[in-house]
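Listed in order, the protein sequences are those of chains F and W.
Going by the working numbering, the first sequence opens with residue 1, and the numbers climb by one from there.
Going by the working numbering, the second sequence opens with residue 1001, and the numbers climb by one from there.
Don't read these hints as lab results, they were simulated from the structure.
Quick reminder that beta carbons are idealized off the backbone N, C-alpha and C, glycines included.
Where hints are given, some of them may not hold.
Unchecked claim - A few chain W residues that don't get close to chain F, going by computed Cβ distances all over 12 Å:
# : residue
1 : S1060
2 : E1106
3 : I1117
4 : F1167
5 : D1170
6 : S1315
7 : K1328
8 : G1348
9 : K1351
What the hints assert, rightly or not - No farther apart than 27 Å at their CA atoms in a straight line, the calculated lysine-lysine pairs in the DSS-like style are these:
#  : chain 1 : residue 1 : chain 2 : residue 2
10 : W       : K1378     : W       : K1336
11 : F       : K155      : F       : K29
12 : F       : K155      : F       : K167
13 : W       : K1065     : F       : K286
14 : F       : K286      : W       : K1088
15 : F       : K77       : F       : K35
16 : F       : K280      : W       : K1336
17 : F       : K286      : W       : K1277
18 : W       : K1336     : W       : K1088
19 : W       : K1032     : W       : K1186
20 : W       : K1217     : W       : K1328
21 : W       : K1351     : W       : K1277
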Amino acid sequence: MSYPYLEVDLDRTGRSATLKIQGPSRETKDLEDIKNQGVNFWPLAVLRALDDALLSLRFNEPEIGTLIITSEGDVAKVEHDDQLLYEHQQDWFVREILLFAQRVFKRVDVTSRTTFALVEQGSCFAGFLADLLFAVDRSYMLDGQLEGDQRPAPKISLSRLNFGLLKMPNGLTRLETRFLGEPETLERLRGQIGELLGAGDALGAGLVTFAPDSIDWEDEIRLLLEERASFSPDALTGMEANLRFAGPETLESKIFGRLSAWQNWIFQRPNAVGEDGALKLYGTGKRANYDRRRI
Amino acid sequence: MSQVDYTTLIPNNVDLSSDARLQRAMEQWYPKYLDWWNDMGPNGFQGFDVYLRTAVGVDSEGWAKFGYVKMPEYRWGILLAPQVENRKIAFGEHIGEPVWHEVPGEYRAMIRRLCVIQGDTEPASVEQQRYLGETAPSLYDMRNVFQVNVEEGRHLWAMVYMLQKYFGRDGREEAEGLLQRRSGDKDRPRILGAFNEKTPDWVSFFMFTTFTDRDGKMQLESLAQSGFDPLSRTCRFMLTEEGHHMFVGRTGVERIIQRTCQALNENGITDPGDIDKARSLGVVDLPTIQKKINFHYSVTLDLFGAEISTNAANSFNAGIKGRFNEAKIDDDHQLKSDTYPVAQIIDGAVKTQEVPALTAINTRLADDFIGDCESVMKRWNRVFTEQNVDFQLRLPHRAFHRAVGEFSEVRIDPNGNLVTEEEWQLKKNHWLPSNDDLEYILSLMEQEVRPGKFANWIAPPRAGINGQVGDFEYVKLN
Chain F
1 MSYPYLEVDL
11 DRTGRSATLK
21 IQGPSRETKD
31 LEDIKNQGVN
41 FWPLAVLRAL
51 DDALLSLRFN
61 EPEIGTLIIT
71 SEGDVAKVEH
81 DDQLLYEHQQ
91 DWFVREILLF
101 AQRVFKRVDV
111 TSRTTFALVE
121 QGSCFAGFLA
131 DLLFAVDRSY
141 MLDGQLEGDQ
151 RPAPKISLSR
161 LNFGLLKMPN
171 GLTRLETRFL
181 GEPETLERLR
191 GQIGELLGAG
201 DALGAGLVTF
211 APDSIDWEDE
221 IRLLLEERAS
231 FSPDALTGME
241 ANLRFAGPET
251 LESKIFGRLS
261 AWQNWIFQRP
271 NAVGEDGALK
281 LYGTGKRANY
291 DRRRI
Chain W
1001 MSQVDYTTLI
1011 PNNVDLSSDA
1021 RLQRAMEQWY
1031 PKYLDWWNDM
1041 GPNGFQGFDV
1051 YLRTAVGVDS
1061 EGWAKFGYVK
1071 MPEYRWGILL
1081 APQVENRKIA
1091 FGEHIGEPVW
1101 HEVPGEYRAM
1111 IRRLCVIQGD
1121 TEPASVEQQR
1131 YLGETAPSLY
1141 DMRNVFQVNV
1151 EEGRHLWAMV
1161 YMLQKYFGRD
1171 GREEAEGLLQ
1181 RRSGDKDRPR
1191 ILGAFNEKTP
1201 DWVSFFMFTT
1211 FTDRDGKMQL
1221 ESLAQSGFDP
1231 LSRTCRFMLT
1241 EEGHHMFVGR
1251 TGVERIIQRT
1261 CQALNENGIT
1271 DPGDIDKARS
1281 LGVVDLPTIQ
1291 KKINFHYSVT
1301 LDLFGAEIST
1311 NAANSFNAGI
1321 KGRFNEAKID
1331 DDHQLKSDTY
1341 PVAQIIDGAV
1351 KTQEVPALTA
1361 INTRLADDFI
1371 GDCESVMKRW
1381 NRVFTEQNVD
1391 FQLRLPHRAF
1401 HRAVGEFSEV
1411 RIDPNGNLVT
1421 EEEWQLKKNH
1431 WLPSNDDLEY
1441 ILSLMEQEVR
1451 PGKFANWIAP
1461 PRAGINGQVG
1471 DFEYVKLN
């Protein structure tokens, strides 16, 4: 699948899809320029592509159990567009873009698939795009440079959009959910808005899950994907929903979050209670035979 | 950063010089290992020259280089048995598929756990044996315990290699953990029970190397079958060294029995069960040897885990851990519908019952271990025939004195009969070493370091190490 600013590569053997987001290709000057570009304004274009890709994977590729989000582009350009969105959030058009961003990112929150993000050299997870790192189940950020790749080590950065305008179905921002009950951590992070954070900083701040270096990178990623692909897809859906939705429930999260995941995906599904299901075979030493489809 | 050239310091056949990840991991781990060795290795003997065998290669030339070396300067290496071309997975659901050269992600946690448990036993036994040098009955025996210790150190290296090479960050953390736990420590004990017991005297050491190292052999044999080829190769090479440890144990007990029989005969004592008379001669009485067997054999059986085990079934089915002599077993190697007899408590008695073979993998391995121990008993009992002493040693029933598995909740005598708690308390000192027995053994433990001389309670070996003559100075204490 190919979109403006988004390439989707399917690996059917490994049952995974890599969604590679591309950063802005041109510099947008002001609100007028945003409106002139309309649907081609980079944040809107990339969000629309992401929205379509997630839906297409959901309905057309039920066996693709793992979604890997990567990005490529100029951090400064992403920060620039991100800043425009923040400045003009009162404008009706920009407001719609931000609300749309919220809806698209919620699709990542509630997907039944396992989600990872890889922060590699040349990536551009900044501002609202960085929210994807906090939406996925695990994020891996390369510490340093890979051998033979001269591009600088990857950096991420936060913006004001990460602190209020993009809420999850539980009514909290992803950072609020991530650092539930730690308002002081949030305050500290707010102080780091706009700073370029390397792998060590990002890991130290709790913004990424792991930061393997060049020696470990390839093997860690391989094992991660193989390991996840071998687990019961339903069990993953349930447990991942648990981890994504820490904290309070809202009406929306009750419908789309962990409760729904467990009720619909675990207790009554053949993967657990069918003849070849995990619960039926538990204790026999035989391996369960899973239906790999996830809706 | 340290300037040590690890690639020449460490004998290896794993291409350490071109493996940046392994080198980096080793650079961090090696100094910690040395600290551990100096803290927890043989106490008081680190500065002496010891006549040790070092493995510098896996061929017949390289695997046994003898020479004097100070233990902290021992060249611990990373050696794997040569790769077998086109090796196939021999059992479980992946049977017939090519073996894995990388860890399959699906089984990562399982293989890592097995490596950690196996690895944890190696430094544990060094810790358990660290004071034995002070009471060595001869230089020959002193050298043997040190040889066993440095090789257990190398076996730790072998498992650390697996962890560092194949398990990334997690593996490096586990490798550090192996150096942080301590045998018998209340807060951070070694993982398995028998490795937290004390080895305070040489009778215990010989029993440990006979029985507990034999469990090690059985575990390594099962892992040598593994579909994960690097694990199989590393275990196959470890087995060559484990054989020597069991030799030390078996011949050690044999020499104790021989010396006791000689002493009884020389002094005209006809009742081999007469504890006081034997003790008056300063030798280990035979009933106490039987009790030591009962103890070490039973705590070692616990190491095989629960008789019926889902974990064992899973690792067999996954092709990670096979059975002893898997290739020689005549079945489908998948155990889809086979059953296997397992001893259990049924209606107040120990009875065997057929259970699905896949879940009885541990029992089967314990059976193979028991068979192996039976042949050791035959050798020991042969001494009585040779010396014309009317006594026989035997293995207690498998259900006797167990803390793990089917029999952990009941009291069972050495013949396999259920007994009441009252009866157990009354008779346990007849079945297991009492404090008096242990104190008596300890009272015999006096260091004998004159070349060619042996303590009164043990006979000299039939032959020296590497063909050395009787008064060879195996450890240079001057």
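Checklist entry - Hint by hint, which ones does this structure get wrong, listed from lowest number up? => result Per hint list: 2, 4, 5, 6, 10, 13, 17 and 21 violated.
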